[in-house]
Amino acid sequence: MREQRVVLEPFGLSEILQCSGVVCANQHGFMMVKGYMKKEKEGEYLKLLGSSVWASVMVYDEWGKAGVLFTGVVTDGEISVENGLKTLKVKIKTGSFLMDLETHIRTFQSPGCTYDEILASLGGSYQEYGYIMEAGNRKSINRFLCQYQETDWQFAKRLANLCHTVVYPNYIGSGEKLYFGRPMGTNRGGVTLTEYMIRQTKTGVAYEGTLREIYDIGDSVNFNGKNLYVIQRETFYNKGVLYHTYTFGTEKTEEEVENRHLSGVSLEGTVTGVKGTSVTLTIHKDECSGAGRWFPYATVYSSPDGSGWYCMPEKGDRVRLYFPSEDADEAYVLNAMHFENGAGGQRTNPENKSIRNKQGKEILLKPDAILITNNRGMSLELSDDDGISIISDKKIMFESKEAIEITSVSANIDLVSPQKISLKQGNTSMVLSDSMIMQGTKVRLN
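Count the sequence shown with the working numbering and you get residues 10 to 455, in order.
Each hint should be verified, as a subset may be incorrect.
Taking lysine-lysine pairs in the DSS-like style, the calculated list, with each CA pair at most 25 Å apart, reads [claimed, not checked]:
hint : residue 1 : residue 2
1    : Lys370    : Lys410
2    : Lys50     : Lys95
3    : Lys98     : Lys47
4    : Lys56     : Lys98
5    : Lys56     : Lys74
6    : Lys47     : Lys95
7    : Lys100    : Lys50
8    : Lys367    : Lys284
9    : Lys166    : Lys148
10   : Lys404    : Lys429
11   : Lys294    : Lys166
12   : Lys166    : Lys98
13   : Lys324    : Lys362
14   : Lys98     : Lys248
15   : Lys403    : Lys451
16   : Lys324    : Lys367
17   : Lys95     : Lys166
Computed beta-carbon distance windows for the label pairs [stated by the list, open to error]:
hint : residue 1 : residue 2 : range
18   : Asn421    : His347    : 44 to 52 Å
19   : Gln13     : Ser149    : 48 to 56 Å
20   : Lys47     : Ser130    : 43 to 51 Å
Hints were generated in silico from the structure; no laboratory data involved.
Note that CB positions come from ideal geometry on N, CA and C, so glycine has one too.
Can you make the complete structure from the sequences, with help from the hints?
Right, here's the structure in full:
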């Protein structure tokens, strides 16, 4: 199709002066249109420019058949007077631009999550969100992904890169829509270029040439015996005629796309499951919510021979998920965070170090003492000032296969009981219970 007339809707321009734009992979399509307008339309157009308005560049062939060259949201507009005539200039971007305004935090933890399921989860805040899976349909990602401080458009590009493809904005209709992969276009047959340029890129050989015919992204052509696709279209207006510089190539995959904001980030979360040396958790600011992936839990020391420190968090504990690099698959959980709720002010003195579980069992290291206690009536304390104290509301038992020796070098040894004290060795015994009873083969009293 070759245009004979160009119309900008909903703005009625009496004459087009400029018309240029680009549609390519991994970028928002844009177009700039400038032309003469009727004076009486100034108020109407200013009102339109002050709202969120979609505009379309329509083309008509010699038989009056209409086609859409470009549709997008107006991002900028101005009215000016040139040579006594009023002109309107508008800049239009594809609806994908609306996906590039706000950043989000989302995690995708399920190992069976597919590319299309992830794309579907991005559309909650958009009015006309949509996507077409030209690649990766129903294909699992088989890895952990984290969208951190990325817009949905940035994340979609990174997702496409993982699938070894690209994204294209929808430039034909309104809405926040994209193609995941090169669009499936129309076979345009053979194409003749009298002038063209060949470029060698990292992704293959590309041919550039200018034509009057209007092709869409993804249309296939045959050039010099090669089957190629339209992977980029650049439009410009010259002496009242539209021209299009096309880049023809094969499947185009961009260089690796990473989220460099992710490296060194830690996200707060709550433990939902514990197994061995791994935990599951929900991320507090995660818009997707939900757990599913087992993350390794970092410890202060661990050795392959089994020695080390093993102290896992429990369900409900608040921890941090740490990302050491841009690769979310390398993330691990570290450090439970301190919260005083329910702690009863136990963490107020930094000189005291303690290990404590939720059942109250505790080892407390003070500057002048070591205390082991269940906080329910049993304790063992080693005090620099008062010595060793063993307190229990249950029985205390000493048992050894070898000797037990109790010695006081310079003071007394006291045994005190309100009921009975018994000493026994073999068949010999002595019982103190209000009276003293001694038994044995021989009893000697001096």
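The hints, checked one at a time:
With a C-alpha separation of about 28 Å, the suggested pairing of Lys370 with Lys410 is violated against the 25 Å cut-off. A distance of roughly 10 Å separates the Cα atoms of Lys50 and Lys95; the hinted pair therefore holds under the 25 Å criterion. For a cut-off of 25 Å, the pair hint linking Lys98 to Lys47 stands: about 13 Å separates their Cα positions. Taking the CA atoms of Lys56 and Lys98, the gap is near 15 Å; set against the 25 Å cutoff, the hint holds.
With a CA separation close to 30 Å, the supplied pair Lys56 and Lys74 exceeds the 25 Å bound. For the proposed pair Lys47 and Lys95, the alpha carbon gap of about 7 Å is at most 25 Å, so the pair holds. Of the supplied pair hints, the one linking Lys100 and Lys50 holds, its CA atoms being roughly 18 Å apart against a limit of 25 Å. A hinted pair counts as satisfied when its Cα atoms are at most 25 Å apart, and Lys367 with Lys284 qualifies at roughly 18 Å.
In summary, the hint linking Lys166 to Lys148 is supported, as the alpha carbons are separated by about 16 Å, within the 25 Å threshold. Restraint check for Lys404 and Lys429: satisfied, since their Cα atoms lie roughly 14 Å apart, inside the 25 Å limit. About 22 Å separates the Cα atoms of Lys294 and Lys166, which keeps this hinted pair within 25 Å; it holds. Pair hint Lys166 plus Lys98 does not hold up; C-alpha atoms about 30 Å apart against a cutoff of 25 Å.
For a cut-off of 25 Å, the pair hint linking Lys324 to Lys362 stands: about 23 Å separates their Cα positions. Proximity of Lys98 to Lys248 is assessed by CA-CA distance (about 18 Å); at most 25 Å being required, the pair is judged to hold. Between the alpha carbons of Lys403 and Lys451 the distance comes to roughly 36 Å, so the proposed pair goes past 25 Å and is violated. For the hint linking Lys324 to Lys367, the alpha-carbon distance of about 11 Å falls within 25 Å, and the restraint holds.
The straight-line distance between the Cα atoms of Lys95 and Lys166 is roughly 40 Å, outside the 25 Å bound, and the hint therefore fails. The hint said 44 to 52 Å for the Cβ distance between Asn421 and His347, and at roughly 46 Å that hint holds. Taken as a hint, the range 48 to 56 Å holds for the pair Gln13 and Ser149, whose Cβ atoms sit roughly 49 Å apart. A beta carbon spacing of about 46 Å between Lys47 and Ser130 agrees with the range 43 to 51 Å that was offered as a hint.
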